[in-house]
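*Asks:* One-letter residues, chain by chain:
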Amino acid sequence: SQQGEEDPQALSIQEGENATMNCSYKTSINNLQWYRQNSGRGLVHLILIRSNEREKHSGRLRVTLDTSKKSSSLLITASRAADTASYFCATLIQGAQKLVFGQGTRLTINP
Amino acid sequence: GAVVSQHPSRVICKSGTSVKIECRSLDFQATTMFWYRQFPKKSLMLMATSNEGSKATYEQGVEKDKFLINHASLTLSTLTVTSAHPEDSSFYICSARDWLAGTFEQFFGPGTRLTVL
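Quick note, the sequences are listed as chains W and X, same order.
In short: position in the first sequence from 1, add 8, done, that's the working numbering.
Heads up: the second sequence at position 59 corresponds to 57 in the working numbering, and the numbers run straight through without jumps.
Be careful, since some hints might not be right.
Said to hold, decoys possible - BS3-like cross-link-like pairs, simulated, lysine-lysine; straight-line CA separation at most 30 angstroms:
| no. | chain 1 | residue 1 | chain 2 | residue 2 |
| --- | --- | --- | --- | --- |
| 1 | X | Lys40 | W | Lys78 |
| 2 | W | Lys34 | X | Lys12 |
| 3 | X | Lys39 | W | Lys64 |
| 4 | X | Lys12 | X | Lys53 |
| 5 | X | Lys64 | X | Lys12 |
| 6 | W | Lys77 | X | Lys39 |
| 7 | W | Lys106 | X | Lys39 |
| 8 | W | Lys78 | X | Lys39 |
| 9 | X | Lys62 | W | Lys106 |
| 10 | X | Lys40 | W | Lys34 |
| 11 | X | Lys40 | W | Lys77 |
| 12 | X | Lys18 | W | Lys34 |
| 13 | W | Lys34 | X | Lys62 |
| 14 | W | Lys64 | X | Lys40 |
| 15 | X | Lys64 | W | Lys77 |
| 16 | W | Lys64 | W | Lys34 |
| 17 | X | Lys12 | W | Lys78 |
| 18 | W | Lys106 | X | Lys40 |
Think of the hints as simulated: they come from the structure by calculation, not from any bench.
Given these sequences and hints, build the entire structure.
*Replies:* Printed below as a string of structure tokens:
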């Protein structure tokens, strides 16, 4: 079953603005990962944050993790039209080896 | 990064036929591969976990006789949709974990779009 809930479900912003997406989960996790998917394509791994980490950066991406609130956020700074895609969080549940995906956020960057 | 391929990328078949989808890890060994199904504008639903040399573990509600999974080598897993029907039309995505890397990162294939007429 899917345990991740993401909000917003859809987000539309102007190029250059920052985009923030949130993810909440229900059970204890080993790590949380963010993926991007362009329409009709496979998934691209963006960033992994372990349960003992609170923040991680990769280029224009910033991910935070709050295990007490069971939530994570993905911030994309200085957005570009090429960032238009669906973004999914996925959690690796403790004791399991499988990823459970959230419902995703459809991000549209308007030029 | 590690590369996972899927073949075919797109398949159209008649109702009642069986379709085989291949998932290959191209530059690493994957003891574990995963099969997902994705409906339009929806998230990925895990169907089964495939372990090399053993039977696949299916998620609740997934018919194992309908979706046959074989993981015969460290670089290849196959999903066969048997007696396909229009409701089986979907986007099927596999992923693989590089066990030698010792990380939990999964690498995803580009997906296979199945259309059953």
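*Asks:* Each of the hints needs a verdict: does it hold here or not?
*Replies:* Results of checking the hints against the structure:
At most 30 angstroms may separate the alpha-carbon atoms for a hinted pair to count; lysine 40 of chain X and lysine 78 of chain W meet this at roughly 22 angstroms. For a cut-off of 30 angstroms, the pair hint linking lysine 34 of chain W to lysine 12 of chain X is broken: about 41 angstroms separates their Cα positions. The suggested pairing of lysine 39 of chain X with lysine 64 of chain W holds, with an alpha-carbon distance near 28 angstroms, which does not exceed 30 angstroms. Restraint check for lysine 12 of chain X and lysine 53 of chain X: satisfied, since their Cα atoms lie roughly 28 angstroms apart, inside the 30 angstroms limit.
Taking the CA atoms of lysine 64 of chain X and lysine 12 of chain X, the gap is near 16 angstroms; set against the 30 angstroms cutoff, the hint holds. Straight-line distance between C-alpha atoms of lysine 77 of chain W and lysine 39 of chain X comes to about 27 angstroms, which keeps the hinted pair within the 30 angstroms bound. Taken as a hint, the lysine 106 of chain W and lysine 39 of chain X pair is honoured in the structure, with Cα atoms around 22 angstroms apart against an allowance of 30 angstroms. With a CA separation close to 25 angstroms, the supplied pair lysine 78 of chain W and lysine 39 of chain X stays within the 30 angstroms bound.
For the proposed pair lysine 62 of chain X and lysine 106 of chain W, the alpha carbon gap of about 18 angstroms is at most 30 angstroms, so the pair holds. A hinted pair counts as satisfied when its Cα atoms are at most 30 angstroms apart, and lysine 40 of chain X with lysine 34 of chain W qualifies at roughly 20 angstroms. For the proposed pair lysine 40 of chain X and lysine 77 of chain W, the alpha carbon gap of about 25 angstroms is at most 30 angstroms, so the pair holds. Distance restraint check for lysine 18 of chain X and lysine 34 of chain W: the Cα-Cα separation of roughly 35 angstroms exceeds the 30 angstroms cut-off, and the hinted pair is therefore not satisfied.
Between lysine 34 of chain W and lysine 62 of chain X the alpha-carbon distance is near 28 angstroms, which keeps this suggested pair within the 30 angstroms criterion. The straight-line distance between the Cα atoms of lysine 64 of chain W and lysine 40 of chain X is roughly 27 angstroms, inside the 30 angstroms bound, and the hint therefore holds. Distance check on the hinted pair: lysine 64 of chain X and lysine 77 of chain W sit about 39 angstroms apart at the alpha-carbon level, beyond 30 angstroms; violated. The straight-line distance between the Cα atoms of lysine 64 of chain W and lysine 34 of chain W is roughly 21 angstroms, inside the 30 angstroms bound, and the hint therefore holds.
Under the criterion of a C-alpha separation no larger than 30 angstroms, the hint pairing lysine 12 of chain X with lysine 78 of chain W is inconsistent with the structure, at around 45 angstroms. Using a Cα cut-off of 30 angstroms, the hinted pair lysine 106 of chain W and lysine 40 of chain X holds, with the two alpha carbons roughly 19 angstroms apart.
When the structure is compared with the earlier hints, violations turn up for hints 2, 12, 15, 17 and for no others.
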